[in-house]
Amino acid sequence: MRKWSNILYQTWYRSAAIVIFLLIWELLPRLGLVSKAYLSPPTEVIVAIQELISTGDLWVHVASSLQRSLSGLIIAITSGIVLGLILGWFKKFEAFIDPLLQLFRQISAFALFPVFILFLGIGEVSKSAIIFWAAFWPILLNTVSGVKHVDKLLIDSARSMGASQPYIFRKVIIPAAAPGIFTGIRLGGAYCITALVAAEMIGSASGLGFYILNSQEIFQIPHMYAGIILLAFLGLGLNYILALVESRFTKWKKGLVRDEAA
Amino acid sequence: MTVKIQAMNVKKAFPVQNEYGKKDQIIVLDDFQLQVQEGEFLSILGPSGCGKSTFLSILAGLTSKTSGELIVDGQPVNGVNKKHSVVFQGYALFPWLTVVENVETGLEIRGVLKKERREIALEYINLVGLYTFANRYPHELSGGMKQRVAIARSLAYNPDVLLMDEPFGALDAQTREILQTELLRIWESSKKTIIFITHSLDEAIYLSDRVAIMTARPGRVKKIIDIPLERPRQFEIRNSEEFVQLRQEAWEVLKDEVLQAQGVNPPQEGVPAKRVEQKGKIANEKVV
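Chains as they are written, first to last, in the numbering used here: chain A, 820 to 1081; chain B, 126 to 413.
FYI, nobody ran anything at the bench for these hints, they're computed from the structure.
Bear in mind that the values here come from a model prediction, so they are computed numbers and not experimental data.
Hints are not guaranteed to be accurate.
Derived PhoX-like pairs (lysine-lysine); straight-line CA-CA distance at most 20 Å [to be verified]:
no., chain 1, residue 1, chain 2, residue 2
1, B, K348, B, K136
2, A, K990, B, K239
3, A, K910, A, K855
4, B, K207, A, K990
Okay, chain A solo, but in the shape it has when bound:
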């Protein structure tokens, strides 16, 4: 019995903040404290989401958002990891190129958007490019630092057993750097969603970012909030998938660090 009440309490404790937030959100417009023209109560937002689902519009917007973000993110992940491994391995070259990378990293993806449009047009490619730019830097830099900070003792240990350089790279450097690489990927995932919205708010006819801005422009306020909520869920889902992949690859860490995916 005691156990059940404990579980119940835990569930309440873990969800209380959200429940209270939703209550306040519902009450503010209902009591007229905030105009409904600015803030739709969550019940209306849920109705709007249901509408989106039934008309099939939801899938159109989610699909095009996913396509853009995933294409940018996947390119950022592959190129970021490959380049990061190379840069981390060749330390001299890394020291040479690092100031340039630090400079690039500081250039906001949004600031570069006009440049991308100039070069790539206003279509899908420039949208993927801005997402790529936002996600690439954390992945690259975390991979580089992951590789650079591999415990020298582990490398020495492999060397002392007669391991070749390729063996050390594959079997020591990569697994040892994996946690750092995954930190980069998780950050990249978060930046990718941020960049996605910005990209879709400029010159786009589909996607959740477009939908949010468009709903506001045509005074469909519940739909605007619906878009925001859906976008949050998209981000959560992406983060969850990335965390799942991470825990799959760094299984050995179970028990060592609290599993963040759970």
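Given chain A, put chain B in place with the hints provided.
What follows is chain B alone, placed relative to chain A:
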């Protein structure tokens, strides 16, 4: 007896920047001479920072020497020798591999097939008494168990020479004593050449055929003491009169070096006593 390892005038200097930002060097080893017989258990004892680990690292092929000659099996040392294996103080196990996978590493590097290397690895894990832990990860083991795994890993590819760099330095006293006895048991049945770095007098005398005592930095071998204690040795031998005498003899040789390594000079006549300048790490480990 055949000579397995011979070091002649080995010198190691590290380039550093001194406190004025000028180029300088630290001479870690100078005029280092040592001869190790095949099948011998030799300990190198010295104060912290005397370069004993550096010598081991050079012998393992992990660090290059500045000058001098180092010959193993009649061949000058050139990079890592595949017949050597190293046991580090920090265990150096791969945290993402299970115990058995860790032990397999050296065999994998030598191209031994999966099934065979698993069999060999399990055999050595059994030898160090960790059979039931074969599928655990290193972080699930205690320090003593980790070092057992590291020992199994170093033995699994059947090296001629075992280089042990303060392997028990991080363990508590009881675990340390148990592992010392086990190491002797393993050595007596395999008759490998072991070079064992330590800064514990008792450990060196208990384990070794000979103990080489080093000077403070720049390190060289100051004296080699034969340990004619009967084998196989039991732990109780530490209480014997012979052991205590050897310990006293070794301490007499080591004492001045320890003081010097800690930056203290014995007062000399006619000279105002002054502190010896210490660069880099000050010896803060307790020398037993």
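A quick look at each hint next to the structure:
1. Using a Cα cut-off of 20 Å, the hinted pair K348 (chain B) and K136 (chain B) holds, with the two alpha carbons roughly 18 Å apart.
2. Between K990 (chain A) and K239 (chain B) the alpha-carbon distance is near 16 Å, which keeps this suggested pair within the 20 Å criterion.
3. With a C-alpha separation of about 58 Å, the suggested pairing of K910 (chain A) with K855 (chain A) is violated against the 20 Å cut-off.
4. For the hint linking K207 (chain B) to K990 (chain A), the alpha-carbon distance of about 18 Å falls within 20 Å, and the restraint holds.
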